[in-house]
Amino acid sequence: MIETPASTRKMTLNMGPQHPSTHGVLRVVLELDGETVVGAQPEIGFLHTGIEKQCEALTYPQVIPLTDRVDYLANLSNNLCYVLAVEKLLGVEAPPRAVWTRVLLTELTRINSHLVWLGTHALDMGAMSMFFYCTRDREELLKIFEMFSGQRLMTSYFRIGGLALDHPRGGLEACHKFIKMFPSKIDEYETLLDNNPIWKSRTIGVGTVPVETLLAMGATGPMIRAAGIPWDARKDEPYSGYQNFEFDVPTRTENDVYARYRVRMEEMRQSLRIMKQALEGMPEGPYQADAPKVVLPQREKMKTQMEALIYHFKIVTEGVRVPPGEVYQVIESPRGELGYYIVSDGSSKPFRVHMRTPSFGNIQTLGVMCEGGLIADTVASMGSMDFVLGDTDR
Amino acid sequence: MNFFLISLLKTAIVAGAFMTTLAYLQWIERKVLAHIQLRLGPYRVGFNGLLQPLADVVKLATKEGFVPSHVNTFFYVLAPFLAVLFALISVCVIPFGPSVEIFGVRTDLGLADINIGVLFVLAISSVGVYGIALGGWASNNKYSLLGGLRSSAQMISYELPMAIALAAPLLLLNDLSLRTIVNEQAGFYLGFIPRWSVFQMPFPQIVSFLIFLVSAFAETNRVPFDLPEAENELVGGFHTEYSSLNFAAFFMAEYANMITVTCMATALFLGGWQPLWPSEFGSDFVPVILLLAGAAMLFYHGVFEPIQGRKWDRVSFPAFGAIFAGLALLFLIPVLKPILVPLFWFIAKTGILLFLFIWVRGTLPRFRYDQLMNFTWKFLFPVAIVNLLVTAFAVALQGQKN
Numbered sequence: 001m002i003e004t005p006a007s008t009r010k011m012t013l014n015m016g017p018q019h020p021s022t023h024g025v026l027r028v029v030l031e032l033d034g035e036t037v038v039g040a041q042p043e044i045g046f047l048h049t050g051i052e053k054q055c056e057a058l059t060y061p062q063v064i065p066l067t068d069r070v071d072y073l074a075n076l077s078n079n080l081c082y083v084l085a086v087e088k089l090l091g092v093e094a095p096p097r098a099v100w101t102r103v104l105l106t107e108l109t110r111i112n113s114h115l116v117w118l119g120t121h122a123l124d125m126g127a128m129s130m131f132f133y134c135t136r137d138r139e140e141l142l143k144i145f146e147m148f149s150g151q152r153l154m155t156s157y158f159r160i161g162g163l164a165l166d167h168p169r170g171g172l173e174a175c176h177k178f179i180k181m182f183p184s185k186i187d188e189y190e191t192l193l194d195n196n197p198i199w200k201s202r203t204i205g206v207g208t209v210p211v212e213t214l215l216a217m218g219a220t221g222p223m224i225r226a227a228g229i230p231w232d233a234r235k236d237e238p239y240s241g242y243q244n245f246e247f248d249v250p251t252r253t254e255n256d257v258y259a260r261y262r263v264r265m266e267e268m269r270q271s272l273r274i275m276k277q278a279l280e281g282m283p284e285g286p287y288q289a290d291a292p293k294v295v296l297p298q299r300e301k302m303k304t305q306m307e308a309l310i311y312h313f314k315i316v317t318e319g320v321r322v323p324p325g326e327v328y329q330v331i332e333s334p335r336g337e338l339g340y341y342i343v344s345d346g347s348s349k350p351f352r353v354h355m356r357t358p359s360f361g362n363i364q365t366l367g368v369m370c371e372g373g374l375i376a377d378t379v380a381s382m383g384s385m386d387f388v389l390g391d392t393d394r
Numbered sequence: 001m002n003f004f005l006i007s008l009l010k011t012a013i014v015a016g017a018f019m020t021t022l023a024y025l026q027w028i029e030r031k032v033l034a035h036i037q038l039r040l041g042p043y044r045v046g047f048n049g050l051l052q053p054l055a056d057v058v059k060l061a062t063k064e065g066f067v068p069s070h071v072n073t074f075f076y077v078l079a080p081f082l083a084v085l086f087a088l089i090s091v092c093v094i095p096f097g098p099s100v101e102i103f104g105v106r107t108d109l110g111l112a113d114i115n116i117g118v119l120f121v122l123a124i125s126s127v128g129v130y131g132i133a134l135g136g137w138a139s140n141n142k143y144s145l146l147g148g149l150r151s152s153a154q155m156i157s158y159e160l161p162m163a164i165a166l167a168a169p170l171l172l173l174n175d176l177s178l179r180t181i182v183n184e185q186a187g188f189y190l191g192f193i194p195r196w197s198v199f200q201m202p203f204p205q206i207v208s209f210l211i212f213l214v215s216a217f218a219e220t221n222r223v224p225f226d227l228p229e230a231e232n233e234l235v236g237g238f239h240t241e242y243s244s245l246n247f248a249a250f251f252m253a254e255y256a257n258m259i260t261v262t263c264m265a266t267a268l269f270l271g272g273w274q275p276l277w278p279s280e281f282g283s284d285f286v287p288v289i290l291l292l293a294g295a296a297m298l299f300y301h302g303v304f305e306p307i308q309g310r311k312w313d314r315v316s317f318p319a320f321g322a323i324f325a326g327l328a329l330l331f332l333i334p335v336l337k338p339i340l341v342p343l344f345w346f347i348a349k350t351g352i353l354l355f356l357f358i359w360v361r362g363t364l365p366r367f368r369y370d371q372l373m374n375f376t377w378k379f380l381f382p383v384a385i386v387n388l389l390v391t392a393f394a395v396a397l398q399g400q401k402n
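Sequence lines, in order, name chains L and G.
If you count the first sequence from 1, position 162 lands on 162 in our numbering, and the numbers rise without skipping.
If you count the second sequence from 1, position 108 lands on 108 in our numbering, and the numbers rise without skipping.
By construction, these hints were calculated from the structure, which means they are not laboratory data.
Just so you know, not all the hints are guaranteed correct.
[What the hints assert, rightly or not] In silico EDC-like cross-links for lysine to aspartate or glutamate, where the CA-CA straight-line distance does not exceed 16 Å: (1) G:LYS142 to L:GLU35; (2) G:LYS142 to L:GLU31; (3) L:LYS88 to L:GLU326; (4) L:LYS200 to G:ASP370.
Computed from a prediction, not measured in an experiment: that's the story for all the values here.
Please take these sequences and the hints and turn them into a complete structure.
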């Protein structure tokens, strides 16, 4: 300690795992020179759930509730990705009504996730009230989830080959009402934040990362769209019928916290647009695929038809037998590119389930992003990444 | 003998009133903030949470006063008491009303009237930094240290524009005693524009009032300048390691500073207890009308339109309505009128400023450390100096004319 002069001595600050703005249990080891951050090292693993391993012990339908817990703010996106992957392996296709409903609800999930992000991000910057306004509107949205699936948070609404249940009474009307109500709320948030010089000075030019670093570290979603790369799995690798919908992929080129904020605000608007189209074009018909070996039969059929009863017994006791093979399915979750890699050995339980989660890629850029900034910038950068720690540690 | 007795009595009254205000300011803040944020705020303890401050005090007082093993015990214990001491001491020079006659005794409404009152308040508020800086340093915690550093840098920087902003109205008013300053602001231009510093000729001090307000936010560590205790960055800032009454002392110091600063702003810029318009036009009846309106509203909501699910409102609202109406009647008693009306104006102005503090907290995000420094050194400070120069010129020119 004597040999280093006082002026060059660095202070190491352990930000987290218990810290108000690390959104869960992230630990960031900061090297500080006064208030300036010289080095930042994110450390994960405090919320390791072992979900990937646990999947190997459960049958294919039983895994669906686990996928909710991976990213608890975008549960339906995770449901969708897993279900699509298994359907690909099985060669089953969901009927149009199920596909349309899936699009409708995953876009609602995107708004849900972005609302939580906006509230907490603003809270991190000291704008307390935004959090409560966002929670107010998220409440309406959670009510819709509850109508459809009976759950507000851990929905598990999608099933292999379709949906768990048909639309509830008044479900679509509730969506209509939400679509009508919500645009004015987005405007309200923007008036509160965009017209505020403090908010702008806190976000513009903060948390920039070279585009090459972003790509090299595997960042996806709004992070790279704010850097000018229009990559969106919904457009570039359409799944679940997204090719039938008309929407824009908002991009910015500034690559800072403000650009990420703008991209996400615009994405909420685009999600509303997609939801509107999904509602208008909602087809009639069955909500589950006609694949008796995969999809549980209707209750009434099971009680009246011998065959249906046998299938029901088989699926419940043995599970769904999936042909051997492997599959990788990519979707665009609110946080970025979400991928499920599933290996099947022909039994009714997956041999391996791996999740390529967007938070994990995004969080890696934290070190580069925070270097050279102030402590307050670290908080702003972390907020702009929009990570969920459950999504990072599976 | 008489002087000692009266002084003791006044001290007791002011201390009691001030402490109650401190406690209830926190209740008001929580309520106002809650309503900005679509919540209800405290309403379980007592009617509408009116006993919440008491419950908080009891809770904090009965907690263990824990002193961590890694702190510098002497300064750790000393710091909160320095903070609260210097926060409370400035109250004694603030004049709340004119000199009045009670039971045949003539006395000033206010504790002391020292001839350098303004300087005294400035000096004391500068020393107030010690509490926070020492607390941050003695805690031996990195977050506390950063909080203490931020706070001392911030408070010293904002002291400058604040003092210069104060100098401008002093040029107009020609005195340093707060009581004389308020008396100087009596009267009206053209019979209706009050001669408060913010409106006073030859150069209205609106700019310096705004600078003073902004610096006041920084001095009291309030949003958007609450960097020393920025929860989302520094967890608790300088009071991370404090618990029990030590923590309560810091908390109290913050609110006491808020009240002192708003009282100063009222006395220096808003004419203290001088009414908004002359009493010939009925300004004396403003408190009566306001209180009666409040009473009527409470009666109406309590009796005819109670909020569903809150059955106590049926009882508590009319009860408070009755209290309000009783207070309104007090303002009509000729003996009490000359005491209560100036007090009302003083409290009303201070209250509006305090509401502004709370309102801003519910609306604005937080500054960043370097932006905060840039703001004061590159913007507030030059503007304050220019304002002072212009005022000086205006005063000199007017002096020549006379």
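Here is how each hint holds up against the structure:
Pair hint LYS142 of chain G plus GLU35 of chain L holds up; C-alpha atoms about 11 Å apart against a cutoff of 16 Å. Taking the CA atoms of LYS142 of chain G and GLU31 of chain L, the gap is near 12 Å; set against the 16 Å cutoff, the hint holds. A threshold of 16 Å between alpha carbons decides the hint, and for LYS88 of chain L with GLU326 of chain L the separation of about 10 Å falls inside it, so the pair holds. This hinted pair checks out: LYS200 of chain L and ASP370 of chain G have alpha carbons roughly 15 Å apart, not beyond 16 Å.
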